[in-house]
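*Asks:* Each number in our numbering corresponds to the 1-based position in the sequence shown with 1 added.
Since the hints were made in silico from the structure, they are not lab data. One or more hints might be untrue.
Lysine to aspartate or glutamate pairs mimicking EDC-like chemistry, simulated, CA-CA at most 16 Å apart [as the list claims (entries may be wrong)]:
#1 Lys146 <-> Asp108
#2 Lys97 <-> Glu59
#3 Lys189 <-> Glu134
#4 Lys97 <-> Glu132
#5 Lys146 <-> Glu6
#6 Lys97 <-> Glu134
#7 Lys97 <-> Glu54
#8 Lys97 <-> Asp40
#9 Lys146 <-> Glu59
#10 Lys146 <-> Glu110
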Amino acid sequence: MGGQEIMAAAIQMSSTPNKVEHLEAGERLIRAAASAGADLVALPEFWTCHGLEAVYRENAEPVPGPTTRFLGGLASELGIYLLGGSILEGDSTSTKLHNTSTFFRPDGEMSAVYRKVHLFDVELPDGEYLESETIAPGDEIVTAKAGSATLGLSVCYDVRCPELYRLLALRGAQVLAVPAAFTLQSGKDHWELLLRARAVENQAFVVAPAQWGSRPTAGGPTEGP
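Could you build all of it, start to finish, from the sequences and the hints given here?
*Replies:* See the structure below:
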């Protein structure tokens, strides 16, 4: 990438709707990654609340808001770049929420906000997934600086849409961030393949922190829960 090398850590979590528990777990894992020498630490999609759409709205919050302030404080304290995976963005007046990824500099500033563009609306053998019932799509392509490197932001299902990553690469992205909660059913065949494809076709590095275990997700062993 040129310039100073950056060591990245991708955090895996098995999140549930217990937001307090996962804020504590996220902090512990971020601190452990920083202690191990990571300059860039990345959390997975829906790291504070995952698994039951019925409680998504009560766990949603504004951006900026409590969780982003929490992450900015950790980034500043630890002197790291921090990718905030994604959280549910919204408030009591929101018709639909956003699936929102944030990025923080070592000074604690939130330097980028990306709202997931491509929503997970599919039919699989184990059921139907309609993210668009609760989530509104974003409409911006977002990059951020991590030292001398440019980071391209995306979330989960975006990885199936190569045009987004081509545009990120054309805007200078050398590292593609893909926080995810990929399902086991599709992930066991497609997750690693798609990540490799996005990396090869854009000649970029990929950082892909994932969920595992709390529902059939692809971040852990392929046998799943």
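*Asks:* Hint by hint, say whether it matches the structure.
*Replies:* Hints, one by one, checked against the model:
A threshold of 16 Å between alpha carbons decides the hint, and for Lys146 with Asp108 the separation of about 13 Å falls inside it, so the pair holds. Taking the CA atoms of Lys97 and Glu59, the gap is about 12 Å. The hint holds against a cut of 16 Å. The hinted pair formed by Lys189 and Glu134 fails the criterion: a straight-line CA distance of about 25 Å is larger than 16 Å. The hinted pair formed by Lys97 and Glu132 meets the criterion: a straight-line CA distance of about 10 Å does not exceed 16 Å.
For the hint pairing Lys146 with Glu6, the CA-to-CA distance comes to about 13 Å; that is within 16 Å, so the pair holds. This hinted pair checks out: Lys97 and Glu134 have alpha carbons roughly 8 Å apart, not beyond 16 Å. The suggested pairing of Lys97 with Glu54 holds, with an alpha-carbon distance near 12 Å, which does not exceed 16 Å. A hinted pair counts as satisfied when its Cα atoms are at most 16 Å apart, and Lys97 with Asp40 does not qualify at roughly 34 Å.
Between Lys146 and Glu59 the CA atoms are separated by roughly 32 Å; this puts the pair beyond 16 Å, and the hint is violated. The suggested pairing of Lys146 with Glu110 holds, with an alpha-carbon distance near 12 Å, which does not exceed 16 Å.
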